[in-house]
Amino acid sequence: MMRPRWRKAFSDLWINPIRSFLVVASITVGLFALGTIATIYSVVREDLRHGYSASNPANIQIQTSLYDPKLVDHFRKMPGVRQAEGVRNFPLRLQTAPGEWLTINVRSVHDWEKSEINRLRILAGAWPPKDRDIFIEKYKLPDTNAKPGDILAFDLPNGGSQVITRQLKLAGIVEEQTLGAFQPGPGFYLAPVQGYVNENALEWLGQVRPDFLNTLYITVDKNSEDENYLRLISEQVSDELEKNGVSIINIAQRGSYDHPNRIFIDAIAVLLVFLGFLVVFLSAFLITNTLQALVAQQVQQIGIMKSIGARKPQIISIYMVLILIFSILSILIAIPLAHEIAFQIVAMLADRSNIIFQGKRFVPVAVFLQISVGLLIPQVAALYPIWQGARLTIQETLSGIRQNHPTTQDPLSQSLSRLRGISRPTIIALRNTIRRKGRLLLTLITLSLGGAVFVATFNVQHSMSEYVRQISLYFLGDVNVTLTFPYRIEEINQMITGVPGISYVEAWGGARSEVILGNNNKAGENVQLLAPPVNSRLVQPIMLQGRWIEPGDQNAIVLNEKFSSRFPDLRIGDNIKLRVNGELTDWIVIGFFKLAGRSSGLIAYTSYEYLSQVTNQPDQASVFRVVAQQPDLTQDQQKDLGRLIEAQLSKKGIEINEVTAGKWLSSSVAGGFSVLTAFLLFLAILTAIVGSIGLAGTMSMNVMERTREIGILRAIGASNSVLMRMILLEGCLIGLVSWVLASLLALPISKLMSDDVSQALFGSPSTLLVTPTGFLIWLGVVIVLSTLASALPARTAASLTIREVLAYE
Amino acid sequence: MPASLTDQNLRNSEEDTASSSSTGLRQPVIEMCDIFKVFKTQAGNFSALQGITTFFYTGEFVSVVGKSGSGKSTLVNMLTGIDHPTSGYVMIHGIPIHELSESRMSIWRGQSLGIVFQFFQLLPMLTILENIMLPMDLSERYPLKERPERANALLKLVGLEDIADMLPGAISGGQQQSAAIARALANDPPILVADEPTGNLDSHAAEAIFDIFTQLAGSGKTIIMVTHDPALARRTSRTLLLSDGKLIDPHSPDYQRWLDEILEISQEIPSAAASPRPD
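Residue numbers (the working numbering), protein chains in the order written: chain A, 134 to 942; chain V, 16 to 294.
Rather than coming from a laboratory, the hints here were simulated on the basis of the structure.
Warning: the hint list may mix true and false statements.
Said to hold, decoys possible - Non-contacting residues of chain A with respect to chain V, defined by C-beta distances greater than 10 Å in every case (computed): (1) Pro137; (2) Val403; (3) Ile437; (4) Lys439; (5) Val454; (6) Met481.
As the list claims (entries may be wrong) - Now the in silico label distances, taken between C-beta atoms and shown as ranges: (7) V/Leu159 - A/Pro469: 50 to 60 Å; (8) V/Glu164 - A/Val917: 53 to 63 Å; (9) A/Arg136 - V/His219: 41 to 51 Å; (10) V/Phe51 - A/Thr929: 23 to 33 Å; (11) V/Glu276 - A/Leu925: 48 to 58 Å; (12) V/Ser118 - A/Ser505: 30 to 40 Å; (13) V/Ser118 - A/Tyr517: 31 to 41 Å; (14) A/Leu509 - V/Ser118: 43 to 53 Å; (15) V/Met181 - A/Leu509: 34 to 44 Å; (16) V/Met181 - A/Pro469: 18 to 28 Å; (17) A/Leu509 - V/Glu117: 47 to 57 Å; (18) A/Thr929 - V/Gly233: 41 to 51 Å; (19) V/Arg119 - A/Ser505: 28 to 38 Å; (20) V/Glu276 - A/Arg136: 23 to 33 Å.
Positions of the beta carbon are idealized from the N, C-alpha and C atoms, including for glycine.
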């Protein structure tokens with residue numbers, strides 16, 4: 134037979150099921166949030182690394198002129214090289230709709246079955262592709278509007294004004310972890326559609342020397358995460374290529390675990406760690422508050438036990454066991470719940486971030502954290518209220534009057550009492566709100582913290598959205614036309630403005646270039662050099678440091694944030710060497726701008742006027758940005774306009790490389806951020822759940838604790854409606870005060886979160902923007918929950934008979 | 016008018032000494048000597064007890080009566096160690112109880128004294144049997160296996176053997192009070208202190224509870240009972256009359272008149288008029 138004292142501990146669970154539910158809920162919600170956060174943090178990063186490294190990604194990718202496949206064997210034997218593989222990459226234009234073309238990058242290898250670097254996962258179709266087959270990477274497949282089995286039409290290069298098309302069957306779908314890993318421009322989200330064909334298809338697709346290769350993939354034998362080592366091997370390999378008469382177009386390095394979307398996951402991880410700490414903090418307050426209320430309700434029983442001989446340690450142990458039972462129940466609920474929800478979120482994140490989800494599994498760190506926090510925090514949180522309860526004298530516990538109770542009202546209560554024109558029950562409600570200051574403080578801290586985090590997630594989300602909007606300021610044109618060769622600006626301008634609905638055309642220069650490292654004029658990473666005219670109307674940069682291009686600037690250059698992370702010592706005023714179209718050029722850094730964060734490649738802006746001198750192509754350009762007369766075109770309207778421009782240029786014999794809608798570019802950049810914003814929404818919901826349960830629990834416990842007081846008020850004539858009004862007023866007042874505090878607290882928390890995310894993405898602090906959305910939603914949540922959470926226990930308390938209430942709670 | 020404080024104390028003391036020396040064998044179980052209790056209130060100091068000196072003996076069934084606010088409950092709280100005197104001392108079995116630490120007081124109380132409250136104060140989540148076993152569990156006085164047997168024997172003593180497994184909420188007030196008495200006897204304490212044990216019961220139930228007390232006193236327990244019931248008070252072996260914190264000398268000419276007066280007033284007060292802090 135169980136000892137009565139332990140029996141009491143267990144029986145306390147179900148003697149007041151609502152109270153037990155609230156206590157368990159307050160512990161569970163914190164553990165659930167913590168478990169979810171820990172699971173996502175651990176699993177996403179693990180799967181990101183595991184999935185990427187399992188694809189055996191190239192550590193070095195060198196784009197070259199065409200070379201003989203036999204050369205690859207030579208590199209396999211080079212010191213430091215583990216594997217070497219040659220591939221052929223080339224762009225094609227895929228017809229996505231009548232008159233609409235999409236640039237697609239196509240890859241072919243000698244034998245797909247034996248390909249070891251950048252391994253693909255086959256999701257659909259019979260691999261490898263047959264001679265007239267193409268496989269497409271799953272993440273970019275939606276851009277093609279195609280499905281497996283469809284026959285796709287491709288525009289062959291050098292077709293000129295006469296479009297020569299070839300057809301391939303979409304034979305299947307693959308998943309490539311390295312998608313966007315070596316993109317010179319922005320990363321995964323800006324990578325073009327990727328296709329895979331058999332080498333026998335190359336000739337048919339109009340490729341010259343189809344037996345030759347133009348890209349070399351290398352994996353290194355060791356230190357695959359060491360940038361310096363990778364660069365060293367890159368230099369050795371590129372030297373050998375050049376010695377064999379192969380020209381280097383571009384070199385890029387990447388670690389074996391450095392997934393292209395790692396920075397987004399890092400930003401999410403930063404948010405998770407931040408929120409994880411806050412949740413533990415919040416839970417501790419919530420649990421302390423709830424348990425304090427629980428102990429307050431147990432005071433009379435403590436007195437009874439003391440009167441029959443219970444000692445302080447015995448009383449403390451009874452309640453510690455009770456808390457332990459609550460903890461165990463909470464852990465049992467929270468662990469599977471957090472596991473389930475976390476893996477749902479991980480699957481969502483994986484799906485949107487090109488991560489191979491390794492499946493649901495036991496996450497020891499999450500379970501360990503939940504168990505340790507679940508067992509420890511409630512015990513610590515309860516120790517003080519229990520100790521305080523246990524040290525009360527029998528007289529205090531049975532009479533309900535403390536020895537050191539105040540003999541007079543505090544000044545605030547006195548002021549409230551003097552208020553005129555307010556009913557007595559209202560004054561009582563106002564005074565009740567501030568009566569237990571310690572409890573009120575705990576309640577307010579819990580609610581304010583929960584509310585502040587909730588509001589902050591909206592602000593951070595807003596800042597991110599705003600940033601995406603700002604990115605579009607780099608791509609202000611409605612239509613972006615890229616021609617195969619530079620043409621005379623005057624001529625193209627006339628042709629484009631001849632299309633109805635065009636308001637303005639701006640010709641941009643551009644060139645592929647490479648950073649020159651060291652004194653031996655060795656080409657390093659590729660730099661996308663963009664050259665809008667000075668005083669361009671179609672670019673509004675976000676400057677991090679320095680200034681933008683101004684009239685009169687000669688060899689001035691503005692660099693994106695990637696330069697800062699790649700070359701940390703680079704400062705404004707420094708000289709930088711670039712090889713532009715094979716020519717060595719000197720530039721002075723005048724500023725750094727913010728684009729798509731660290732996921733982008735190296736991007737630099739200079740003036741069209743200067744670059745056209747450097748490239749000896751004055752008054753010529755290959756990129757034209759077009760603005761429509763009608764403002765705020767949709768992406769579809771922009772596409773329609775693009776089709777009209779393409780038709781006009783084709784008619785005049787102009788060779789077009791690509792025509793894209795202005796919004797396509799910014800929406801692609803926004804793709805990376807959408808994962809973050811979606812995740813922030815999840816965090817907001819998670820915080821709202823924690824905060825709401827905290828709010829509901831605290832309010833309910835506050836009312837439950839006053840069951841006896843409610844009885845007395847009823848005994849002296851307070852009607853149910855008067856009682857309800859008093860309790861609701863008190864609940865709403867606490868809710869509103871917490872909302873005001875949460876709103877204030879939200880600002881520094883938003884800034885902290887926003888800075889953390891911005892640091893992870895862009896390597897710089899954020900510009901915090903505040904949106905009313907979070908504030909208003911939380912206000913609604915606070916009012917509704919305060920009302921409900923106070924009304925339900927108040928109704929129960931009011932329905933008890935006076936005798937029931939006063940004789941025993 | 017009650018006798019002066021000093022005279023009264025002296026007389027009470029003399030009476031008790033005389034009583035003790037006349038028997039030659041009787042030693043007091045409880046000695047209350049010159050107890051003062053002063054409460055500090057906003058209106059100033061309030062003396063709830065003013066120099067109480069009295070003795071209680073083995074097998075005595077003493078009732079304590081007085082008007083509301085006369086200090087009855089304060090007196091009982093001094094006896095049980097629930098409250099501390101401002102001055103004076105209480106010796107129980109030669110132990111100055113107010114010198115005990117909180118922890119030792121709990122141990123002492125669990126073994127030496129049973130308390131019965133007006134509102135029963137059974138733990139609602141435990142069965143009647145478990146409520147009775149709880150003091151044994153806390154004091155560890157009896158071996159684990161012996162406790163249910165002993166609890167059942169106590170239930171039999173108070174006539175509740177058939178409802179041992181019921182929860183307090185499911186039984187009548189009289190039965191709850193009987194159970195509370197059984198719980199007070201759990202560790203076989205020599206003293207039982209009851210603060211208005213029948214105040215919340217009908218006359219039938221009150222009678223049953225009184226019978227239990229009489230029986231216990233007969234078996235050698237010392238019973239001290241605060242009551243408003245004149246009929247019950249008159250049937251106890253001795254009545255202590257309190258007025259304004261002082262004991263009224265039973266030999267004083269006014270004693271009987273005061274007693275009658277108080278008991279008549281008490282009779283007029285409806286017993287259901289519950290107060291959260293009964294006195």
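Hint check results:
1. Residue-level check failed: A/Pro137 sits 4 Å from the nearest beta carbon of chain V, not beyond 10 Å.
2. Consistency note on A/Val403: stated as away from chain V, and its beta-carbon is indeed over 10 Å from all of that chain's, at 47 Å minimum.
3. A Cβ of chain V approaches the Cβ of A/Ile437 within 10 Å, the least distance being about 5 Å, so the stated non-interface status is violated.
4. The beta carbon of A/Lys439 sits about 6 Å from the closest Cβ of chain V, which is not more than 10 Å, so the claim that it is off the interface is violated.
5. No beta-carbon of chain V is positioned within 10 Å of the beta-carbon of A/Val454; the least distance is around 13 Å.
6. Listed as a non-interface residue, A/Met481 keeps its Cβ farther than 10 Å from every Cβ of chain V; the least gap is roughly 45 Å.
7. Checking the proposed 50 to 60 Å range against V/Leu159 and A/Pro469 shows it is violated: the Cβ atoms sit about 37 Å from each other.
8. Checked against the hint of 53 to 63 Å, the pair V/Glu164 and A/Val917 passes, with Cβ atoms roughly 56 Å apart.
9. Evaluation of the 41 to 51 Å hint for A/Arg136 and V/His219 yields a failure: the beta carbon distance comes to about 35 Å.
10. Distance hint check for V/Phe51 and A/Thr929: the Cβ-Cβ separation is about 45 Å, which falls outside the suggested range of 23 to 33 Å.
11. Between V/Glu276 and A/Leu925 the C-beta distance comes to about 51 Å, which sits within the given range of 48 to 58 Å.
12. Distance hint check for V/Ser118 and A/Ser505: the Cβ-Cβ separation is about 32 Å, which falls inside the suggested range of 30 to 40 Å.
13. Separated by about 19 Å at the C-beta atoms, V/Ser118 and A/Tyr517 break the suggested range of 31 to 41 Å.
14. Checked against the hint of 43 to 53 Å, the pair A/Leu509 and V/Ser118 fails, with Cβ atoms roughly 27 Å apart.
15. Judged by the Cβ atoms, the range 34 to 44 Å given for V/Met181 and A/Leu509 holds: they are separated by roughly 39 Å.
16. For the pair V/Met181 and A/Pro469, the supplied restraint of 18 to 28 Å is violated, since their beta-carbon distance comes to about 38 Å.
17. Here the CB-CB span from A/Leu509 to V/Glu117 is close to 28 Å, at odds with the stated 47 to 57 Å.
18. Between A/Thr929 and V/Gly233, the C-beta spacing of about 47 Å keeps the proposed range 41 to 51 Å intact.
19. Between V/Arg119 and A/Ser505 the CB atoms are about 37 Å apart, so this pair conforms to the stated range of 28 to 38 Å.
20. Range check, V/Glu276 to A/Arg136: Cβ separation about 50 Å, and the 23 to 33 Å hint is violated.
Checked against the numbered hints given earlier, this structure breaks hints 1, 3, 4, 7, 9, 10, 13, 14, 16, 17, 20; the rest are met.
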